[in-house]
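A.B. asks: In order, the protein sequences belong to chains A and B. Going left to right, the first sequence walks through residues 1 to 226 as the working numbering numbers them. Going left to right, the second sequence walks through residues 1 to 226 as the working numbering numbers them.
No lab work stands behind these hints, which were simulated from the structure alone.
Mimicking DSBU-like on lysine-lysine, the simulated pairs with C-alpha atoms at most 35 Å apart in a straight line are:
| hint | chain 1 | residue 1 | chain 2 | residue 2 |
| --- | --- | --- | --- | --- |
| 1 | B | K12 | A | K43 |
| 2 | B | K83 | A | K142 |
| 3 | B | K167 | A | K19 |
| 4 | B | K211 | A | K167 |
| 5 | B | K131 | A | K211 |
| 6 | B | K83 | A | K19 |
| 7 | A | K131 | A | K167 |
| 8 | B | K19 | A | K142 |
| 9 | B | K43 | A | K204 |
| 10 | B | K83 | B | K131 |
| 11 | B | K211 | B | K167 |
| 12 | A | K131 | B | K12 |
| 13 | A | K142 | B | K142 |
Covered stretches of chain B (in silico footprint by chain A; criterion: 3 or more residues with CB under 8 Å from a CB of chain A, positions within the stretch not fixed):
| hint | region |
| --- | --- |
| 14 | 47 to 55 |
| 15 | 190 to 203 |
Backbone N, C-alpha and C define an ideal beta-carbon position, used for all residues, glycine too.
Protein chains: 2
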Amino acid sequence: MILHHLTRDDIKSLNQRYKAQLINSLSGFKSVNLIGTQDTADKSNLAIISSVVHLGASPALVGFVMRPDNGERHTLDNIINSKYYTINQVSIDIYQKAHQCSARYPRQESEFLHSGLSAHYISGVSAPFVKESRLKYAVQLKEIVPIALNNTQFIIGEIIHIMCDEKVIQRDGYIDIEALNTVTVSGLDSYHASTRLSRLSYAKPNILVEKLSVSGSTIETLEGEE
Amino acid sequence: MILHHLTRDDIKSLNQRYKAQLINSLSGFKSVNLIGTQDTADKSNLAIISSVVHLGASPALVGFVMRPDNGERHTLDNIINSKYYTINQVSIDIYQKAHQCSARYPRQESEFLHSGLSAHYISGVSAPFVKESRLKYAVQLKEIVPIALNNTQFIIGEIIHIMCDEKVIQRDGYIDIEALNTVTVSGLDSYHASTRLSRLSYAKPNILVEKLSVSGSTIETLEGEE
Numbered sequence: 001m002i003l004h005h006l007t008r009d010d011i012k013s014l015n016q017r018y019k020a021q022l023i024n025s026l027s028g029f030k031s032v033n034l035i036g037t038q039d040t041a042d043k044s045n046l047a048i049i050s051s052v053v054h055l056g057a058s059p060a061l062v063g064f065v066m067r068p069d070n071g072e073r074h075t076l077d078n079i080i081n082s083k084y085y086t087i088n089q090v091s092i093d094i095y096q097k098a099h100q101c102s103a104r105y106p107r108q109e110s111e112f113l114h115s116g117l118s119a120h121y122i123s124g125v126s127a128p129f130v131k132e133s134r135l136k137y138a139v140q141l142k143e144i145v146p147i148a149l150n151n152t153q154f155i156i157g158e159i160i161h162i163m164c165d166e167k168v169i170q171r172d173g174y175i176d177i178e179a180l181n182t183v184t185v186s187g188l189d190s191y192h193a194s195t196r197l198s199r200l201s202y203a204k205p206n207i208l209v210e211k212l213s214v215s216g217s218t219i220e221t222l223e224g225e226e
Numbered sequence: 001m002i003l004h005h006l007t008r009d010d011i012k013s014l015n016q017r018y019k020a021q022l023i024n025s026l027s028g029f030k031s032v033n034l035i036g037t038q039d040t041a042d043k044s045n046l047a048i049i050s051s052v053v054h055l056g057a058s059p060a061l062v063g064f065v066m067r068p069d070n071g072e073r074h075t076l077d078n079i080i081n082s083k084y085y086t087i088n089q090v091s092i093d094i095y096q097k098a099h100q101c102s103a104r105y106p107r108q109e110s111e112f113l114h115s116g117l118s119a120h121y122i123s124g125v126s127a128p129f130v131k132e133s134r135l136k137y138a139v140q141l142k143e144i145v146p147i148a149l150n151n152t153q154f155i156i157g158e159i160i161h162i163m164c165d166e167k168v169i170q171r172d173g174y175i176d177i178e179a180l181n182t183v184t185v186s187g188l189d190s191y192h193a194s195t196r197l198s199r200l201s202y203a204k205p206n207i208l209v210e211k212l213s214v215s216g217s218t219i220e221t222l223e224g225e226e
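Chain A extracted, bound-state conformation:
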C-alpha cells in the first residue's frame, strides 16, 4: 500500500471543490437524515443533513451541525422560531428524493413538494415528519452552540417522541436500522446500503470480544436455543 501524504500546506492549496470532496470523505460513513421544520406561517421545510450525532441517552440528546450556507438558513430560522424539529432516517427507497432536498429552493417553496415526499404531523409538535421514513423522532431545541472557528452552529435538542417500525426493535433496545434499509453516506454524495458484519459484546479488559446475534444474544446461546 502506498500512502499518499498531504501536509497542511498541501491541503490549503487544493482547489476548493476538490478539497470539499476530500475533507468530507475523512470522517468516515455518515448518517443520512431529513430535518423537518416549519415557519411561523406553517410552511414546511425539509433539509438533508449528514452530521446528526448522538450526544447522550439520559436525557436523550441529539446534535447536528448547521453550515452558514450563503446567508440562507431556512431550517435554522424555523428551529429558532418554533423550537421543534423532526429527524427522519432515510432509506434506500427514498434516498434520491432526499438528496433532491439539498437543492437551493426559495424560502416560500417546500422541499416536500419538490422531492415528492409526504408530510405528517402529530399533536404538540410544530414540525412535519416524513411519512415515508420508518424511524423518526421529534426534537425540542435545547441549545445552539456557535462555533466561531468557521461560523457553523451546533444545534442540540432533546428527543421527545420516537416513532419506529416496531418489528425492528430488538429485545435489548437495539434498533435494527439495517432491516429498515437505512442508508449511509460517504463524502458529499455517495450513498450506501449496509451488510451487518456482527454485533459485538461489551468489551472488557483481558476478555476477547464475542460476536452477538442481531438480537444481542451470544452466538453460542443462540445456537443452543435453536
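Following the hints, position chain B against chain A.
C.D. replies: Below, chain B without anything else, positioned relative to chain A:
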C-alpha cells in the same frame, strides 16, 4: 407498517441499558474511528469513537464528542496536554480489535498492546497513528466546547496531515472509503460493511438528480467513454 410510538415520559421510564441501546440507534449509521493520543511520558492511548463529524473543509475542521466516562478521560487529558491527536478509519479486518479498545484499561496500559494494533509516528505530531488503518490524519486541537446539558465535550481540531491509500482517491477528490473496507456502526455495537447504491449529482431546483460513477462522472459520459 405499525409504528411504535414512545413519548418523552415513555423514554424517561425505560430501563437504563435498554434506553442506551435504543437512543444510540436513532442517529443512524455512524463513523468508526480510532483516536490515537499519548501522555506526557509518551505513553500511547487508543480510543474507539463513533461521533467524529465533518465541520468544514476551509479550514479543514473535524469534531467529536467526549463523554464523561466515570471520571476517567485518558484521551481528553492527552489531547489537552499534547494538543495533537490522530484519527484512524477502521476497516473490516480490524473492527474486532478496534472494539476491544473500548474496554476500560488502566491509564498506564496502552490499548495498542491489548488490541494487537500497531503504532507509527511522523515528525511533528506527538500522537500515534494506527499502522493498519488505510485512511488516517493528524489533528491539532483548536477548541473544546463544553456541553453543559449532559457534561459532554465537543472537541474541535484542524486536520494538518492526511495519509491515505492513493489508489482510492478519485479525480474529483472523493475518497472511495468503501474500497478501503471502512466499516460503519449502528447503535452501540453493530458493525456493518457497505455496498454503494450510487453517487448522486449536485442537486439543483427543477433538475432531477442523476446517478454518478464512483469517479464522479455522469453514468452517460462513462458509458460513452467505454
